[in-house]
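Using the numbering used here, read the sequence shown as starting at 324 and increasing by one per residue.
Incorrect hints may appear among the rest.
As the list claims (entries may be wrong) - FRET-style restraints, in silico, Cβ to Cβ: (1) V367 with K341: 19 to 29 Å; (2) R375 with R351: 32 to 42 Å; (3) A329 with S363: 43 to 53 Å; (4) F370 with E343: 25 to 35 Å; (5) A329 with R375: 39 to 49 Å; (6) T342 with D365: 36 to 46 Å; (7) E358 with F338: 16 to 26 Å.
In short, the hints are calculated from the structure, not lab data. Quantities reported herein were computed from a predicted structural model and do not represent experimental measurements. Every residue, glycine too, gets a C-beta built ideally from N, C-alpha and C.
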Amino acid sequence: MSTKLAAPTVLKTIFDRKTEEVAERQKRCPISELELAAQSADPVRGFRQAWRIGG
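Sequences are here, hints too, so could you generate the full structure?
The structure is reproduced here in structure tokens:
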């Protein structure tokens, strides 16, 4: 197999698996629940501030 064909095959394999993972996770936590959790989450912090606070 040539290198030119290998990359798309590997990428397709990764894409297919990630598509399965997203479907599995959507069954466990629907988008509507995820959106509610995001709305009630603490405000985001910048990297530097998060590093100073320790988390």
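Against the structure, the hints come out as follows:
no. : hint                       : verdict
1   : V367 with K341: 19 to 29 Å : 24 Å, holds
2   : R375 with R351: 32 to 42 Å : 34 Å, holds
3   : A329 with S363: 43 to 53 Å : 45 Å, holds
4   : F370 with E343: 25 to 35 Å : 31 Å, holds
5   : A329 with R375: 39 to 49 Å : 44 Å, holds
6   : T342 with D365: 36 to 46 Å : 31 Å, violated
7   : E358 with F338: 16 to 26 Å : 25 Å, holds
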